[in-house]
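The residues making up each chain are set out below.
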Amino acid sequence: MTTNDFLLSVEGLTVSFDGFKAVNDLSFYVDRNEIRVIIGPNGAGKTTVLDLICGKTKATAGSVAFKGSELTRMSEHQIVKAGVGRKFQTPSIYEDLTVFENLEVSLPMARSVSGALMFRRSRSVVERIEAVAEEIFLADQLGKRAEYLSHGQKQWLEIGMLLIQEPELLMLDEPVAGMSVSERERTAELLNRITRDRAVIVIEHDMKFVKNIAHKVTVLHQGRILSEGDINKVQNDPKVIEVYLGH
Amino acid sequence: MFDGYTASQLMSIFAMQGFAGLILFSVFLLMALGLAIIFGQMGVINMAHGEFMILGAYVTFLTSNFFQSNLPHFFGGYFFFAMAFAFLAAGALGYALEWVLIRHLYRRPLDTLLATWGVSMILQQVYRSVFGAREVGVVLPDWLMGSYQVTDMIDVPINGMFVMALTATITAAVFALMFRSTWGLQVRAVTQNRVMAGAAGINGKRVDRLTFALGCGIAGVAGSAFTMVGSTGPTAGQLYIVDTFLVVVFGGAQSLFGTIASAFAISQSQSTMEFFLSGSMAKVLTLLTVVGILLLRPQGLFVVKVRK
Amino acid sequence: MKSHTTLPSRWSYFLGDMSERIGLLLFAVLILVVLPLGLDSFRLNNAGKYLTYAFVAVGLVLCWGLGGILSLGQGVFFGLGGYCMAMFLKLEASDPESTAIQSTPGIPDFMDWNQITALPWFWEPFHSLPLTLIAVIVVPTLFAYVLGVAMFKRRVGGVYFAIITQAVASILSILIIGQQGLTGGVNGITDLRTLLGWDIRSDDAKTILYFVNAVLLIGVIMLARFIKNCRLGRILVAIRDKEDRLRFTGYDVANFKVFVFCVAAAFSAIGGAMFTLQVGFMSPSFVGIVPSIEMVVFCAVGGRLSLIGAAYGALIVNYAKTLLSESFPELWLLAMGALFIGVVMVFPYGLAGLYEQYLKPWVAERFRRRLPAAEPVIPPSAVGQ
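Residue numbers (this note's numbering), protein chains in the order written: chain A, 200 to 446; chain B, 1265 to 1572; chain C, 6 to 390.
Hints are supplied without guarantee of correctness; some may be wrong.
Here are the simulated DSS-like pairs of lysine-lysine, each with C-alpha atoms no more than 27 Å apart in a straight line [said to hold, decoys possible]:
#: 1; chain 1: A; residue 1: K432; chain 2: A; residue 2: K407
#: 2; chain 1: A; residue 1: K280; chain 2: C; residue 2: K247
#: 3; chain 1: A; residue 1: K257; chain 2: C; residue 2: K211
In short, the hints are calculated from the structure, not lab data.
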């Protein structure tokens, strides 16, 4: 299999901050429709890997190929337009806009200055937004200012804002962190539904949640891959046990 | 603009103007140190910093008058007292301002910018009511007058060297305080993670207030130095505030070393160009260069790459 | 959810929702009817002068209030617009007959005093009124564009942007003062008389210019309202809230910032040109650091989120300034300083915010009692149809 057959091929990815290599010569490949979970102890470089893929941080060396195009040379908004969506660790939504407006701004259209000036809210736009709101359990909150949502609802809203863009690769950074048990269950259900037709990279600590959704798990440690494979293989890997339980 | 000068003349001009620029360098550096500490620590843009400097200058003026009329024998030493008083007065005012206003505005830099601009207008009016609109100047003691002749073309002004030595001492003290003392450790801890620092038993509010007072106190000392280059008036501080902010930004707001380098570069280029061009054009060219470089390198001259 | 199922027409963005429409109507009545009827010609001219600052304040609502981009250099654009206009009027006032006593007739008097013997090249286009009118808008906007691209493309924002715009204001005012022969120096460009032969100093002319200014201002407010109400307005708020989220939603954020900065600059420039026409001179005292930051206060006092509020802010603060500095000059700086602190600490959304918070519920209560069957207040996004 050549690297072009993968949706995402990360090869030799390295970034150093002032001499410290947060991510060190990292390579991994993600298939279409694959759900990949990245785990690892604090400071392993998990979030930095997502930052590198979506262009928030510029790589020192290495390549990130997505559907054959090189992401490391593109700016953030171009990467998004290529089909990569990213959810941040803390809910990142527009607090001063309503839920409806949050979703509307996230629609993948009229993203240029002139487009935004000429944009007109059409019937189909409203319907699309209402459908997504239904999916993220916020159908009756559309008129509410986003800052008044609960923490879990904010997480859902951000997931909805990504869904509406229909990305081919969705990256989620700890999507259930800080949620109540019932919110967790609904989120797992939501993620199972939305991950059907796309590749997903998830960072998560909750092993129950990971078992539930992961096709393949990558364990990071000190910026390098420690282990990779299905969940059982990883959980029985002595190196992984050493890192998590050792010392 | 160098037409008609020989190489050796040019060398002498650069040297002379360089020494003449030392006091400006000192004023910039002391002002910028205070601003950089306050901004780095609390995210506060203190637009009234120039007025704190002018407070120091007025205190120096008052001290000089007092010594002249009451203690003429000790007049030669008044400057040291003036500096101490200037530091205390400006520091006390800063302490009070932090308590009344600034502490409500942490991490809202744009708001502090506007509010402290209001403070600066009020202080200007207070100075005008108390000291009058006329500018005042201080008399320098004899030992600070005159200059030391290095070659027949280069004079080194003694007050410049004195202020320079003073600034070096204060800068070194600030460095020691920030990077060697327990208190500096607390300041840096609060800067990096306020909540964790609080959990570790550091009183963040007290650290903030003292930091702000310290920054303002240093501005007061800058005011003492300022009396040697300019005359003190109610609005004199405003003329320096933009330049000083450029010094801070140009040096990279997080880097004290950068602040020193950029204060030196800006004061020296201004001083040198003033010989060849009119004062206003020298200033325009200096500021334009700085802004131009900042547009190309917005993070300032000296910054380290960190994950944000 | 009803508010979202109705689809607004694009034209309704210019007027806004019902309360915005009423607000605009009241403002229009005030400046087009009440002030002209209630004030003598001298005071009306003063009011016109204050209203030129409203152009700047309205631009700042878009740029700062919505987009969160605080520019402390709006005086630069006000000044550039004003100087472009002043250069045209000065050239018209400097025809060879009226300047026959100069050593070089036909050039502005201050150039002659500064031993300049030929008109500098950049003055040449200002012989033509159409070119001047184009320059009034294009020169400041282009300048804003260059500054904006240089800074926003490199992600310079927040306080760094504010300080650099302030430095630019400082540079331009020092430059104008320093280059006396080319710009009129610290006195500015004075002694402006006619516009295409029409004496702008007469009372009639001043009244007509007042109305031109007022109508232009209402037009600018409607244009700003369109930007605020259309998708772009929401994108600006999103930039203020979470710039990064927007970037990772596929927007090139810098383009939007450049756009709104240019719009604010263009508005300020129109204000500057109208200032020159109504007051009869332009000087560096409207360009530098102090006037630029005062313009921010006009906007803040009126309300940084309200276009109409900002216009009132410009009117009220300037009126207070005139009143106070005539009778108690020493109080003015104190009052202005207190205003700066007040808008940050006590009423961050200015008069408009106070109105929304206290007066509007009271008014709404009143109307509901009197008109029990009235329609509920129409939400902003439902207007049109």
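Each hint tested on the structure:
1. For the suggested pair K432 of chain A and K407 of chain A, the alpha carbons sit about 16 Å apart, so the restraint of at most 27 Å is met.
2. Annotation: proposed proximity of K280 of chain A to K247 of chain C holds, straight-line Cα distance about 19 Å (limit 27 Å).
3. Proposed proximity of K257 of chain A and K211 of chain C is contradicted: the alpha carbons are some 59 Å apart, above 27 Å.
In this structure, the one hint that does not hold is number 3.
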